[in-house]
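Participant: Chain residues, written in single-letter form:
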Amino acid sequence: MAEFLGNIPFLTIIYLMPLCAVIALFFIPGTNHKAVKVVSLVFSVLSFIMSLLLFISYDYKKGGLQFVEHFDWIPAIGVNYFMGVNGINVALVLLTGIIITAGILASWDLNYRPKEFFILLLMLTTGVYGVFMTYNLFLFFLFYEIAVLPMYLLIGIWGTGDKEYAAMKLTLYLLVGSALILAGLLGIYFATGLHTFDFDKIEQFAFDPTFQKIFFPILFVGFGILAALWPFHTWSPDGHASAPTAVSMLHAGVLMKLGAYGCLIIPVWLFPIGAKFWLPVVAVMTLVNIVYGSIGAVKQTDLKYIVAYSSVSHMGVVLLGIAGMNDVAFSGAVFQMVSHGIMTGLFFGLIGMTYGRTHTRDIHKMHGLAKVMPVLAVFFAMTGLCSLGLPGLSGFVAELTTFVGVYKTFPVWTIIAVISIVVTAFYVLRVVQIVFLGPLDAEYKDLKDAKFTEIASLSILMFFIVLFGVYPFYIMELIHGSVLPIAAKIGGM
Amino acid sequence: MEQLNVLGLAIPALPLLAFLLITAITAKKKMLSAVLSISCIFASFLISVYLLILQLKAGHGASYEFSFPWLFLGDVKMSLGILINPLTTVMLIVVTTVSMLVQIYSIGYMKGDYAFSRFFSYISLFSFSMLGIVVANNLIQMYIFWELVGLCSYLLIGFWWFKPEAAEASKKAFIVTRFGDFGFLVGILILSYITGTFNFAEIQAQINAGLISPGLLTVIALLLFSGAVGKSAQFPLHVWLPDAMEGPTPVSALIHAATMVAAGVFMVARLFGIFSASPHAMLVIAYLGGFTAIFAATIALTQNDIKRVLAFSTLSQLGYMMLAMGIGGYTSGMFHLTTHAFFKALLFLGAGSVIHAVHTNDIQLMGGLHKKMPITSITFLIASLSIAGIFPLSGFWSKDEILVNIMESGHMGLYYVAAATAFLTAFYMFRLYLMTFTGKPRDAHAYEHAHESPLTMTVPLMILAVLSIVTGFAGIPGKEQSFYNFLFFGAHPHETHFNMGVALSSSAIAVSGIALALLMYAFGLIKPEAVKNASGPLYKLSYNKYYIDEIYMFFIKNGFFVIASAVKWFDRHVVDGAVNLVAFLCRWAGSKLRLTVNGGVQSYALIIFGGLVFIAAVFAVWNPDALKLLGGR
Amino acid sequence: MTITLAHYVVLSALLFAIGIIGILTRRNAIGILMSLELLFNAAAINMVAFSKYLTPSEIYGDIFTIFIIAIAAAESVLGLAIILAMFRKRETVNADEMNIMKY
Amino acid sequence: MVETILFYGFAALILISALLMIIAPNIYHSALFLALCLFGVAGIYVVLNSYFLAGIQVLVYIGAVVVLALFVINLTRRILDVDSDQHNEQLLPAVIISGLTAFLIISAVLKTNWGTMIAHRVAQDNTALTGRLLLNEFVLPFEIVSVLLLAALIGAISIVAGDKGAQK
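Protein chains in written order, with our numbering: chain Y, 1 to 493; chain V, 1 to 633; chain Z, 1 to 103; chain U, 1 to 168.
Source of the hints: derived by calculation from the structure; they are not laboratory data. Be aware that one or more of the hints could be misleading.
Here are some of the chain V residues that sit facing chain Y, going by a computed Cβ distance under 8 angstroms [what the hints assert, rightly or not]:
| # | residue |
| --- | --- |
| 1 | W161 |
| 2 | F162 |
| 3 | F179 |
| 4 | F182 |
| 5 | D443 |
| 6 | V579 |
Listed next, the stretches of chain Z that the computed footprint assigns to chain U, with coverage defined by at least 3 CB atoms under 8 angstroms from CB atoms of chain U [claimed, not checked]:
| # | region |
| --- | --- |
| 7 | 13-20 |
| 8 | 29-38 |
| 9 | 41-47 |
| 10 | 74-87 |
Here a beta-carbon is modelled for each residue, glycine too, at the ideal position from N, C-alpha and C.
With the rest of the complex left out, here is chain Y:
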């Protein structure tokens, strides 16, 4: 399979798929909502299927970069068209495919300027795919910006509530991150003196220890902002609360993983000495993320704020895994990226659907909704259970692996982090109880349960949560094989 696929530019096709949809959408009149949605869906499903194919056909026994495409682009400064995937990328590309498909299905009822909405959404997707596939740092940054910037318009135009504030806050935050990343990448480029942005060559270069110690925090914080590293996380609750459903799904599901992925791939992989020096500090910060995020969620009353804080907490687990500095912890972190991506996509999708019916997100204004929308209630409960780490769902595998791995490096802090499983149970079940259980509010007695598109969207996500929860062996082999070089490099220092 891999040999056959090796002959065609598989990766390029995947990330161009949403871009093709964008081009196609330009020629569709914006008034024809149905056509706009169908075209978006078709292309995103195509990219999803191809990412699934990629997932299956990646040869994890061989490991390393596969499906490589390498052409000179601007040889003078070492900017090359360099695409390739390892196990981590494969998992994250699949995640992106899942989330975008579910996201488009979930926004099937969007009727305010859908053409522009889907164009921006798909551009964002292109950027995300690109980041997860490229191994040229220049292209990496380019795709990164493509992924980050449409957010401003998507929230500012289609958002709810205090959307302008949220959009501006989010954009400024992420641009601060981008500025740090750009500075860091240029620093790397000039420090190597190799005149290349190609990751594989840079990775071979032994950076000066002082340089590593200076540039590690710059790059880690730059990416960490997007991964909601405490105390740079406050864009996330506001941003998620204001964003429209699909954007919340994509943002919390995929974009935050972009940050975590960047953290792992660039600062940690390239600067092992800097990582050894700084990661204990990072671990403490992520601990704050985990515990503080989950406690912060307890007293929130807005559903989206609750999930946003739980995201902060769960992303803390990802970052803690990255700070764990061994293969098991890294695997856990990457798996948690995938798991949390799907799970939080589900959460935001469900909240969007609930909000579309009740027109409120205040948990104290909704009671007993399971009576009128049992399907949504079941999905919500399952997602919540995944979030609190119930075995059989992917969240458990991710957290267990991370904790087992990190325990080797930071035993005491791991134990503190485990406290979050209790707090998470507390707020998740509290929400389920208040919103879905108990007697139904009379005003909601005529609400309809999920429609076909909604069920389809949720089912795709839920399928993978259960699949990865029950049978994590394959994807974990994939991920583990690819984090080994990183762990070996740090371990060797």
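Following the hints, put chains V, Z and U in place on chain Y, whose structure we already have.
Facilitator: Chains V, Z and U in isolation, oriented as in the chain Y frame:
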């Protein structure tokens, strides 16, 4: 031994199959769901019996184990597997038997419920999870299924989710047990880090080799035990179990009396190698168990809800088992678990039958039901006698052996606690029985409508009654072919002998407890009201469960919620405030700097010239040679 | 004591400095324009002096100064015209009162 | 020697009249001091042997620019303005900046090793050469400047006249 792989896997897999089929296919067809579920658990039961026979033939020490990979990460290997040894088979029999009988009973009890199929799917899921714990051969699998039974407990307590109390109770059950699971998980993390494995046998080998320092072992043992404390509702995490009675009564019988809550005891038994290697941990277990036993028994004295009395009785009996485990009575603890599973399930199902008939849980509104429902009454009486420890019922044998073990261990304080608990148990059980089934009906309306339950309900009662009587004979001390020679820890069975003194004294205690109950509630020689008034605050304390719930709520409200609000405030105002402060500073600086754009050409010119000269000056200072006008020549 | 190139440069520097003070401090727009002429002249003196001392045979400095004068004339014509137009509109020639393009 | 006296004389004239020009409270006086200053510059050109340049300086600057300025002063001057403050409040920073400018240039002059570049002056009249150069080598800039002047002329007229039209 290939067939053992298949059989071992089939035991938990069959209920899972039932769960999946009911959820996916037969949800609309109620009877089909029930039949499917029951036949699957029946098949599991048959296999369990077969395995038990195999084990009995093979004798002690015959254990069979196999694993398959679930998650391999370099050195960290997590597997799923099955371990079949005497402990497994005993527990398998208990779980499948009770589960099967409860399911049969439920056909009658849940009849007419709108979510009949859902009930059976949950019960099947529970059976799967519980059997998963039982056959687990490693800590990870145990933890996985440990959590899954917690989920089932959550789902089944909240089965009637539209009742606010049920929703609240299910949440409480899950969260409180999570506290214990936190310790369990941390214990697993530490243990796996030290030993590098999750497998029971491999861990045991390392402990035997003395590779783990005793201090660390105590810490690990206590952490693991905290999982058992949560699941078996030992003090101080006992608060969820009484509330869990909001669930349907068969659920209470299956999960919250016979099997799931006993999982804590089972876990201690399974990991007995770890616990027994740490005398301090054992002492903690013994004393905590003893305390819970008497503590719950005193609460049970005053409760008026039929299910809550039984719930506190369960707490008390679980404390008994823990106490037995703690003083090293591995076999007697497990034996009591077995007998208790049967008679406590019987008590709950009987209570369910009563509730089914009179539609109330309050024993103050019952009375005289013996005439209306004789089968329920008689089976209930058998179970009550059994739990009180009356010869020759099963409770007598198991409880007696625990007492003997305690006495042999030399903890006389614990012995008196256990004896006192036995007295209280006999008293409250007969208080319950007498108030429910004898005397005059207190609520005529309820009495009028009461009727004996249908056969689907009474047959399981009768079977359990038989089991409550005969199980004890398996464990008559000193016999060659006894429970004690089948299931024991270590190389040799624990020496058992019938201690006439203990037997007589415990019987006397039980009889006196029953007699006191008779005096108070049957003959009216001592007025309960008078006792109530005489004990005053003590009665109130007991009636209100020592205000433990209120204390917890106080701490949650004034501790946890305050912290949560503080975090919320901190995040909004300090962290986000800092962000907004930066934004504000930018705007403020902009509003001030804006004033420099005053429209005055000359002030612009001043700034331009000033800037130019400043730069030139800096440049000149930095590199004075640059000032040489003809530098090139 | 002969007059050297340095003398001319110093003279031009001083003239330039005076011109800057004039530009920055005169309120009258015509005054500013006139101060500007001082800067032109300071530059022109430098041009001529450098040209005369460094490349005596060539007179590019003179040529350049001619251009400077011509352009200065054009500049002052336009500047004065603008000032006149401004005066008609706003009844003032004070530079600090012409500040509507602010904030 | 004559050259020295002339240089210092004209230099003093330039600097003093320039100073007076910028501090004169009356803009009319200012313009007259400017004329004097420009005359001093013409004198410096003479000292540098650029007689033609000196002529242009007098003709164009004094004859045209200063006179034009005087016209505009007359056109814009109002009686009330005579005694109003002719300087704004930026005097101190302006003096500092210009002082620093002068200091920098002078310190550059002092630091420079002028070497043999001091006195290589050829005393000759270059008028003819100037004319030749202007019409040969520099003809293009010359023409451009002519066009620029024309444009300035038209521009000045249109600015002043167009405004009139707008007022009507």
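Participant: For every hint, state whether the structure bears it out.
Facilitator: Going down the list of hints, with the structure as the test:
Annotation: interface hint on V:W161 holds; nearest CB of chain Y at approximately 4 angstroms, less than 8 angstroms. Against a cut-off of 8 angstroms between C-beta atoms, the interface hint on V:F162 holds, since the closest Cβ of chain Y lies about 6 angstroms away. Satisfaction of the interface hint for V:F179 is found here, the shortest Cβ-Cβ separation to chain Y being roughly 6 angstroms, below the 8 angstroms cut-off. Proximity of V:F182 to chain Y holds as hinted, the smallest CB-CB distance being about 5 angstroms (cut-off 8 angstroms).
A distance limit of 8 angstroms between C-beta atoms decides the matter here; for V:D443 the minimum to chain Y is near 27 angstroms, and the interface restraint is violated. Interface restraint check for V:V579: the shortest CB-CB distance to chain Y comes to about 5 angstroms, inside 8 angstroms, so the restraint holds. Coverage of the region 13-20 of chain Z by chain U holds in this model, with 8 residues showing a Cβ closer than 8 angstroms to a Cβ of that chain against a need of three. Residues of the region 29-38 of chain Z with a Cβ under 8 angstroms from some Cβ of chain U number 7, which satisfies the need for three, so the listed coverage holds.
Requiring three or more residues with a Cβ within less than 8 angstroms of a Cβ of chain U, the coverage given for the region 41-47 of chain Z holds, as 3 such residues are present. For the region 74-87 of chain Z, the assignment as covered by chain U holds, since 12 residues bring a beta-carbon within under 8 angstroms of that chain's beta-carbons and 3 suffice.
When the structure is compared with the earlier hints, a violation turns up for hint 5 alone.
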